[in-house]
Each structure stands twice: as C-alpha cells, then as structure tokens.
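J.: Sequence:
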Amino acid sequence: MIVLIIPLLYIVQSQTATTISYASQGSDWTSGVCSSSTSQSPINLEVSSGTCDNSMVLDIQFKKDAMQIVMERVQYTIQSKAAVSNLYATDINGNLYGYTATQFMFHGPSEHTIEGTRYDLEMQIVHELKSEFSATITKAVVSILFEVSSTDQPFFTTYDFTLVASAATNTTTNSTTNSTTNSTNTSTPTSVTSTIASINFNDLLGSQLDANPAYYTYVGSLTIPDCDDNVNWYILDSILPITQTQLDAFNTYFLSNSTFASGNGNNRAIQSTNDRTIKKGGVACEEQFVYFFSFFILYIFINYFIFKLL
Numbered sequence: 001m002i003v004l005i006i007p008l009l010y011i012v013q014s015q016t017a018t019t020i021s022y023a024s025q026g027s028d029w030t031s032g033v034c035s036s037s038t039s040q041s042p043i044n045l046e047v048s049s050g051t052c053d054n055s056m057v058l059d060i061q062f063k064k065d066a067m068q069i070v071m072e073r074v075q076y077t078i079q080s081k082a083a084v085s086n087l088y089a090t091d092i093n094g095n096l097y098g099y100t101a102t103q104f105m106f107h108g109p110s111e112h113t114i115e116g117t118r119y120d121l122e123m124q125i126v127h128e129l130k131s132e133f134s135a136t137i138t139k140a141v142v143s144i145l146f147e148v149s150s151t152d153q154p155f156f157t158t159y160d161f162t163l164v165a166s167a168a169t170n171t172t173t174n175s176t177t178n179s180t181t182n183s184t185n186t187s188t189p190t191s192v193t194s195t196i197a198s199i200n201f202n203d204l205l206g207s208q209l210d211a212n213p214a215y216y217t218y219v220g221s222l223t224i225p226d227c228d229d230n231v232n233w234y235i236l237d238s239i240l241p242i243t244q245t246q247l248d249a250f251n252t253y254f255l256s257n258s259t260f261a262s263g264n265g266n267n268r269a270i271q272s273t274n275d276r277t278i279k280k281g282g283v284a285c286e287e288q289f290v291y292f293f294s295f296f297i298l299y300i301f302i303n304y305f306i307f308k309l310l
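Mapping the sequence shown onto full-length UniProt numbering, position 249 (from 1) lands on 249, and the numbers just tick up by one.
FYI, nobody ran anything at the bench for these hints, they're computed from the structure.
Check before you lean on any hint, since a few could be wrong.
Claimed, not checked - Across the chosen pairs, the derived CB separations fall in these ranges: (1) 262 with 59: 40 to 48 Å; (2) 238 with 263: 26 to 34 Å; (3) 52 with 272: 32 to 40 Å; (4) 160 with 263: 37 to 45 Å; (5) 116 with 263: 42 to 50 Å; (6) 263 with 65: 36 to 44 Å; (7) 300 with 32: 49 to 57 Å; (8) 226 with 198: 29 to 37 Å; (9) 136 with 67: 26 to 34 Å; (10) 36 with 67: 23 to 31 Å; (11) 228 with 197: 31 to 39 Å; (12) 67 with 258: 20 to 28 Å.
Built from N, CA and C at the ideal position, the CB exists for glycine as well.
Take the sequences, apply the hints, and build the full model.
T.: Right, dumping it as structure tokens:
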C-alpha cells in the first residue's frame, strides 16, 4: 500500500532587498514623494469634520471559494499577494469605479486613527483599478481595524501569524547602525513564507462586515515608500476583535521586537490632512446627525440657563 502525504503548509526562507526603517515612524523617509507630497497617509479621522454622503457606494466582495494563499513576513510587515476581493466604490467626487485586490498587509498599531484613537492592528487591502475603468487615481485601499478583545478572531485562527516564525526570527546578519535614526537595521532582511492550503476570505472575514458598512473615505497615499499619492482610501468604522494572544503573534516581529524600530511598531506617523475633504458613508451619516443634534440641544440649554441667570 502506498500512502501519499500532501503537505498543507510549508515554510520557505529567502532574502529580500527592501528595508524600511520605522525608528522615526517615517519622518525621515525621502524616497519618492514621501517628504514632498501634501496628500499623504495615514491621517486622523474625525466625526466632526468632513461631509456625510449617503449616496456613496462601498461594495466589498470577498472571494467566496476557498483559496490557497502565501503568507510572507518581510522586514517591515506581514503580507500576502492575492486577489482576495473585488471592490466597487464611489470616489470623493461620486464617481463609481471597480477594483481588484492585489495584496494585503498589516500594521501594528494601526496607522489611521479615529477621533485620536489608535487601534491595535490595521489590515490594508490594496486594490488596482479594473481594466474596464479609466481614472487618474488607480489604487483603492480598504482598511480594517482590530482591537484587543476576549473574542477570538476567526480570520487569524487560519491566517496565523505564528506560521511565519522561524529560528531566524530574531537573528540579524550584516547589521549596521543608522546613526541618523539611532536604530539597528539589517541590510539583508530575512523573508519567511508559509503557504496556507485553504482559506475562505468571505467566510472568515467578509461575514463579519456589514452589508452597508460605515466608513471614511479620502484621497491619500500608500503608507510605505515611495508613498505614491494616487490612492482612494476606505477606512471601515466597524472595529473587529482580536485576542491579545493573536496580536502578540504579530507584534513579536515588530512592536515587541526591540531591534526592529527602537520600540516602535511598523506604523507610519499621522500626516497632515492639509484641508483635504473627508467623506463618511453608511450609517456614520445618521450617527453624525445625532452627534450634532445633541450638541445643538446642549447649546440651547446652556444659553437658556445663562439667560435665566441674567
């Protein structure tokens, strides 16, 4: 009898030339338009700013079939390059476009903040404009935020960050100290890849999102060099859970790794909005109405109270 064993997962180590320093959280990046563009990302998103528009569309269609995917840990993030979703969304001017996902990556803590609150992890799904559409801005990034909770995150049960751990996780070769940022970088960072034989993005991730999610949108840039500023951003307002154990599995490579960025995570610092328009779609518009109406009632009450005292 012949027994055939098919491995469900394998790990490969290789070398990559890309090194990004987060010791100064990107303030010292000079490549591309990182230091010259006025439309950079990430930014802080505020409920009290921007314009609500319930006519906007955000339709994220995750692949419903199980697929094989490669998880890759490089020097600056954990990522996968795969068409895990299609996206149909209106831009800041109300024009509808279609996009196909090309890759996704993670940043911890989150790069975008909402009302000054920084979350524990941010997943950024990068999409490219479909060939049947024509637009100046050709990229769209959907951002999903995670916050530590006692609730296990099913997506990270399968997309398990520990799969790209290796004996070389904390090993550095040809290390040199960058005196301008006071950080230690590895000139030949290790890339570790792990193939997940079967993962269903719609079941594990898409099922947790609302059919018509509340979100923020604005025009910005990629958050890693060369910081290309031709990106329509869509940051979901629904925060998903992640356990501390699942988060620690990611942070061990970055935020909790003292040799990575002098104690920083792999998140770029908040950039100036520079009077850019921020729009909100979904139920956020109704929430903003309640928000402003509450302040209006408070304003009337305070003025009435002052009038009575006079």
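J.: All hints, please: hold or fail.
T.: So, going through the hints one by one against the coordinates:
1. At roughly 41 Å, the beta-carbon separation of residue 262 and residue 59 lies within the given 40 to 48 Å, and the hint holds.
2. Roughly 30 Å separates the CB atoms of residue 238 and residue 263, a value that falls within the hinted 26 to 34 Å.
3. Under the hint 32 to 40 Å, the C-beta atoms of residue 52 and residue 272, about 23 Å apart, miss the expected range.
4. Distance hint for residue 160 and residue 263: a CB-CB separation of about 25 Å, inconsistent with the stated range 37 to 45 Å.
5. Between residue 116 and residue 263, the C-beta spacing of about 21 Å breaks the proposed range 42 to 50 Å.
6. In this structure, residue 263 and residue 65 meet the distance hint of 36 to 44 Å, their C-beta atoms being roughly 42 Å apart.
7. Evaluation of the 49 to 57 Å hint for residue 300 and residue 32 yields a pass: the beta carbon distance comes to about 50 Å.
8. Between residue 226 and residue 198 the Cβ separation comes to about 35 Å, which falls inside the hinted range of 29 to 37 Å.
9. At about 31 Å, the CB distance of residue 136 to residue 67 agrees with the hint of 26 to 34 Å.
10. Between residue 36 and residue 67 the beta carbons are some 39 Å apart, a value that contradicts the proposed interval 23 to 31 Å.
11. In this structure, residue 228 and residue 197 meet the distance hint of 31 to 39 Å, their C-beta atoms being roughly 33 Å apart.
12. Separation of residue 67 from residue 258 is about 36 Å and departs from the stated range, judged on CB atoms against 20 to 28 Å.
Hint check: violations occur at hints 3, 4, 5, 10 and 12; the rest are consistent with the structure.
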